[in-house]
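Participant: One-letter residues, chain by chain:
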Amino acid sequence: MFLINCPFCGEREQSEFKAGGEAHIVRPKQPTELSDDQWAEYLFMRKNIKGIQFERWNHIHGCRKWFNMVRDTSNDEIKAVYKMGEKPPVK
Amino acid sequence: MTKNLRVKSSKLVDETYRISFKFNGTTYYGFKGDTLASALLANNIHLVGRSFKYHRPRGIMTAGSEEPNAIVQLHNGTSRTEPNVRATEIEIYEGLVATSQNCWPSVKFDIGGINNFLSPLLPAGFYYKTFMWPASFWEKYEYFIRKSAGLGKSPDVPDPDIYEHKYIHCDVLVIGAGISGLIAAKTSAKSGFKTLLVEEKSYLGGSTIYQDSEFFKINNQNSASWLEKEINEVKKIENLEIKTRTSVAAFHGYNFLLARENLTDHLPLEQRENKTRQRLLKIRAKKVITATGSIERPLIFDNNDRPGILLSSAIKKYADLFGVACGEKNILFTNNDSVYETAISLIQKGIKVQAIIDNREEIDSKLIKETEKNNIKIYKGYTIVDTFGYKRINSVSIMKLSKDGQKVIGSKENISCDSLGISGGWTPAVHLFTQSGGKLKFRDDDQVFIPNTYPSNQISIGSCNGDFTLDEILINTPKLLKEFLNIKKTEYENIEIYSAFNKSKRNIWLLPSNKIVGKTKSFVDFQNDATAKDIKLALREGFRSIEHVKRYTTTGMGTDQGKLGNMHALGIISETASSKMGELGTTTFRPPYTPLTFGTIVGRNVGKYFDIIRKTPIHEWHVENKAEFENVGQWKRAWYYPQNGENMHEAVQRESKAARDSAGILDASTLGKIDIQGTDASEFLNRVYTNAWSKLEIGKCRYGLMLNEDGMVYDDGVTTRLDENHYIMTTTTGGAATVLGKLEDYLQTEWPELDVYLTSVTDHYATISVCGPNSKKIIQKVIPEIDLSDKDFPHMSFKNSKIGNVKCRVMRISFTGEQCYEINIQANYAKSVWENCMEAGKDFNITPYGTETMHLLRAEKGFIIAGQDTDATMTPIDLQMDWIVSKKKFDFIGKRSLYRSDTIREDRKQLVGLITDNPEEILEEGAQIVADMNKKPIEMLGHVTSSYFSPNLKKSIALGVVKGGKNMMGQKLIIPMEKKQINVTVTDPVFLDKENKRLNA
Ligand SMILES: [Zn+2]
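Quick note, the sequences are listed as chains C and E, same order.
According to the numbering used here, the first sequence is numbered sequentially starting from 1.
According to the numbering used here, the second sequence is numbered sequentially starting from 1.
Everything hinted at is true.
Residues from chain C that face chain E, not an exhaustive set, calculated with beta carbons under 8 Å:
{"no.": "1", "residue": "M1"}
{"no.": "2", "residue": "D36"}
{"no.": "3", "residue": "G85"}
Read the hints as simulated data drawn from the structure, not as lab findings.
Here a beta-carbon is modelled for each residue, glycine too, at the ideal position from N, C-alpha and C.
For reference, chain E alone in the conformation it holds in the complex:
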């Protein structure tokens, strides 16, 4: 029963270019230039979805981005399915496949529709009240809610399209290419400003471009023809860039804006290959001119949501711009003059207007007279009290309004129709303006919020500034532009304007009904199914703040952010609570103005470009030798080197044993390295580390602990004195950048008098660490000229040396407890030196080991890893590292905090060793530690921070933090797991070689 409701060819639609598309499984035809909505309407299809809560049938309601109902899922192959696409925005292309989104199993028969009959049980706050308790039922509720309230499906394979980001800097950005935006762009560009004009639609000219009647004239031409000539001129201006299909998503402070440019969504599928689909424009503009227009308001009456009910301006636009009739028997319902423009447009095209219902009693304007001339019955002072028709409106009943507009009087009259156009006046689109931080003021005359104070160099012009009529726009816009752009003249000084529009309006936020309150369904937010009744209920339940009412009723919380109904929600609150509109404030509009795809947001930062990858200069060797890698910050670190099908545990056991039995080699290049120079370098180290540095001899190394000012351990590492005023500090891999930042902070802001210079050299030097009883022999082979005797080169000392002609630094320091040498060498020689070490170590079974083995080896020695065994709540005292805290030093960062009342508590969590009763049992890192399982609630004493099976000790070892653990040596504790309890004994954290014999073995 599809009909063709195409009435007339139009400027936008190319009737020689037919396009086929599929909607809910049926093939239809439209023309190039159609939106999915206009093409569906031309096929007499209004029903496109179901509402969110009650699953009521819903139709296309608007012709723009404010659309609440006509939200569809696009299917362009499995990987290109896209939810939440507004049918009113997407331009049809050959092969388009779309389905309704919010319905199950189908749009015509929807099981959730039963909610509509259960609606007395689904009041505002229903979900909060019901599904919150008992919490354990949530999983069941969620299943049903998700199934029946499907918000579309996201694709489950990677997005194959290309997206990109682009920065644009301009003098003037104009948002919106309606009549005022075009005037602004032309004036700005012709005054010499580099100007960018963006428009969300595919065409320029806004609603004026189809305002083609003798009732609106500029310089004696129909306004549409006048504007067309303007557009032709505008397109030729050199320093004016125009971007259509570009929607500003966010207007941030300091005139920083984000816009999405749609490049291929309107093209036939085969023309999109290898093209960028969408572009995120990051615009920094010296000046911004917002000309975003206005959005027509609906009217709030019983059953105002049936398919076939559209905004009056949408009916006009579909007729004028797309040549489509929304119905064959139209009724228009209004409180202002706008619907008469629609009526005249429809009459001109031979589309029948059944009747006009106008809230206003006494009305008189040229538009109305013209309408009456065509024998259209106008019901003055009437309102609609109900509508009928389940999947498409078929009639309305009307009644007379009382003088005060609070009641309906007289008898009911029924009028049949197949389409109803409604107009409640206009709301300036101030969303972007308020996003930027702009403050609104309320204009009582016509009950609108308009821009008041601007936070940055910007203005709003045209109807988004409250100038709704042609004469207001053409008189006010040039004035505003002259002041804003600081120019003397515009081209629009002596322009002749004729507008038949009369501004009178009878504003009633919630129209009265003959039914009792509570029996009506007057929708305020169509997408989220919030009714006037819900808002009143929220007020009865005590909600007053608009932000609270919004969240409780979900008004304005859909993907359209309540572009249609927010004002009515405010109006109803204001009337019910007897407060003034201007004093209620508005809810906050948040970016994005219209939804963005994730692709646009991430741009090219996908896959391997998602984040920076840092590789050590020895990385390729690790790859060639089949290392498994671990991410440590942005670094790729060799984790372990499995051989002959070993799993991680087996590889780590082998590597750990080899390192202690003979020799191991580790790529430690990722450790942070900071070069410290200056006459006050020693004093500086004294202040940033807990221990003393002044007496460290040149050529010696020292381990240091760095605290935050609150006394908590922040980072650690070994620092070497290279010369009188020259040190090299190492930091943890993850802490490198923040340690440098912190040190710079203190140098620049607290101690600017110190003569100290810091330079990050992390990337400049590679570090190769060779440890084990045979490490000395290996290093000797690699660097023959160096004297490695314990006397000449003891533990914790350093030597400059050379490998071939290349200078290197050798440190004898150890993170494993074994005798250990670290070669620091210019990064580009690192791989060949590593290979030299491997060659030299062949006879000693030199074994490369990764981070996992490194962690195991240091745990055997009870060495902490800052960030693993500490968590910003551990002082050095908590770590049982009292020995590293200088008592003599006057001050260092964090010193005073070490004896605050909280940090001297005996029952703080302290680092201890944990040995399992069963030596084979390995604890889980993060597991809780308790003492008494019987006393409820069970007190949690701490948790396991590091845990391994030690191949060298042949038992399980762990480190953990335990309340008062220092005084619990030998005590039994319990690690409760899901299905068992593990018994452990508290020990000293040093498990192996307490006497440090191995360092000089």
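Here chain C stands alone, though its shape is the one from the complex:
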């Protein structure tokens, strides 16, 4: 079970958090102009990386804030956490 460093609260047990899927997928500004395929790309297609993955997490049983996490899925090492809107600290 992870220990997650919430950018607002500090280190907390994983059981206080909820994972929210891949990060940095921006909702299209003009969905009506997209083709079915383009919209499907946004709606359904998600990466499932073995290695460095950018994810969204929510401190659901804490401050309720969403934030981003960089996690190595091969060994569950959390490389970084950062607030929404901030640039990822690692590439």
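On the provided structure of chain C, position chain E with the ligand as indicated by the hints.
Facilitator: Same frame as chain C, now just chain E with the ligand:
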């Protein structure tokens, strides 16, 4: 014919404290400190169970948690019976009653034993191959399999014992209190770290604590005496907590571990009352030091599973620690030096060693010399090819090994015995390490897997790290600790060590036999009865991956997870398939390391503490008025209020009729309520609901439908504009938390520029809904100052008001189709306002109704319930609710998905009404809907989602989803049931008052 095989008093056993216990109906005696296994062995009992598949007699094989055979059922009264207890772990107590588990009708005569003679018919994969077909026979097979392969019985009454969970945070956790664990704990604690030491056994010191001979010395003392002094010091250290009888079950990522602390299982029954039995420790450690030791390997030869065959180290432990001889004529069989330690121990205690059979040809060590001095015959370069004796081993036959170890040569020799100790070397106990995500490497020298890379802040030390000898442990452990704990010095720098152990070993995974392949029973997994032959068969049948071979042969899939035989399975695969051990990988060890009781897992979360119970502030009134309750998520909701012995149907019919004829009252407090404020609140609602919100006037209410981004209906509810920048949204009861979560998600991540604040106020306000033609008169009595005229307070509007001095909000909204007012008031006033309404409604036969009547009333009006009539595959168009989807709005959540190629299909399932030909016939919710019963396969068009008998329409009504249902109005369809077919007609989903006249009646 029981004998006493107690040879000598020992440190662990208190011979002044005699304990009686029952095993398979006979009373025996043991001493305080005995395990059930040591006490049985002292009474010369080896046969304790039957094997899983062939029902072969099996005996105690080990002296620890790796035991595959000696698994018993404990009976402490009817409610405390417990299956799968390892006799090698349970400490005896006065009154213990145990029985063998895997045998029927008895351990001595077992009908399943016939499987042993049928074994050519029971190869690997037998169950897969045979019982899978025909599927309809499974019920018959299952009966016989379950009966003959009983895996113990679970109690059928609630567990009366107390269990609890405890969190522990420490700097350093040390797992295992053998010599290396003790050194680590002492070093860590003395360096200032808050340290926790856990040990699965009742005593400290591991195997070194009984390594009491001149062949193993530390600083010129026997290693056992040296360690005893260490233990005395360790016990006095202040920031070191020691927990014995505590077994780590799971080692998760980020140094989060679960351990089970056994508190009362060793106590006499009468001392256990009102005490916590077991505790689940949830440990978060900054650093973890794993010192779990190693497990002796068996040797794989024909008939290596007879009662009386034990691991050599177990024979030594029973003699040294419990003062028990496992036999009077012992033979030891080995490929390494370990059995000579056992031999010397036995000789010292006057226990006879008949012979030693050693795979190795050229051997030389101090231990061996000492053994030879005692005139014990050592057969060098020999192997056992067979054993004899059905319920107890009585002899072995041996042959010489060829130079390459692949064959046996020469003639057979028989030697009699009553006990055989075997040793195939040692396997580091890396189970916890691999659970944590650690990766292993294979060490060719002695054919072991040892820790390689650590995923968290942890190390392995001692023999679980591959340091098997005293000198390796005492030299390497302090070095590892210094680096890991970042300290300069330990107390163990200039220590003098003497160990007579020689590390030479001749590793042969499957020992050769004079019999032809296929005629031998060389067990690799004793608990699951998997033999070397089974593994070879699996390889012949094309299985290559170790994980597949494991599942096909069931090797390593017992409750012991193959702690003894997994390495041999790998070795045999590697030899047969000519692949390298290191490249095969290992199977995954999964938590728990040893089985846990359900009690430990659930702790105090039992009975009414199993889950949170949410009650509305009016709950007590419902209880007093004999409501039946329904669980809606965690909420207890009044379901219906039976009067004068009514059943549910009768109560609901009465309540429904009263609500339409005069007045009904509903506790709607569980509906989710979200307070929405901010200058962009209207824009926000525009984006999350399908309809338009900007033009909603202050004081007005509007129904909204919320979609997922995929266009499917997610939740619905009425939202009221309280002020320019202030709304209150209601959600479904079940959706309250997830709707708030979803809205927060969009606000924080997609639209952070919006000035909007969301607050859940579900628990802060209670909602009392009064409906029916007389609702206006009742509300007027409760709130005299309010103007309820239709002109001033029309349907879908809201007013602030006061009851006495207490502010309230009154909404005129309706989920029933009747004229209806909802009073929202601070929760703590709710019950008295409810009572006011009841009093005011007396003259109008005001009738409290529950969720069942609410569902019926809304179905009459064709109102959906999100989650009942929808299932995450229904768009608003599918629901025939096109009217609520704004065409003008540029965007809202899910809009683009409403015209994807899939969502515009005409033949999607669509919501329709269903009227039965027979008005008395009530459909079953969930029933399938078809059109043509003759065309096979019958096409299923949809299913019934809601169904009731309407007392107001005096007929059966139902809602359902049907493929292309929108264009099927008036069409006949069929609901096929088990014994009949029900004919229905497709209708509009609105059954009552299509013109909405009743809203203003
Ligand atoms: Zn937080």
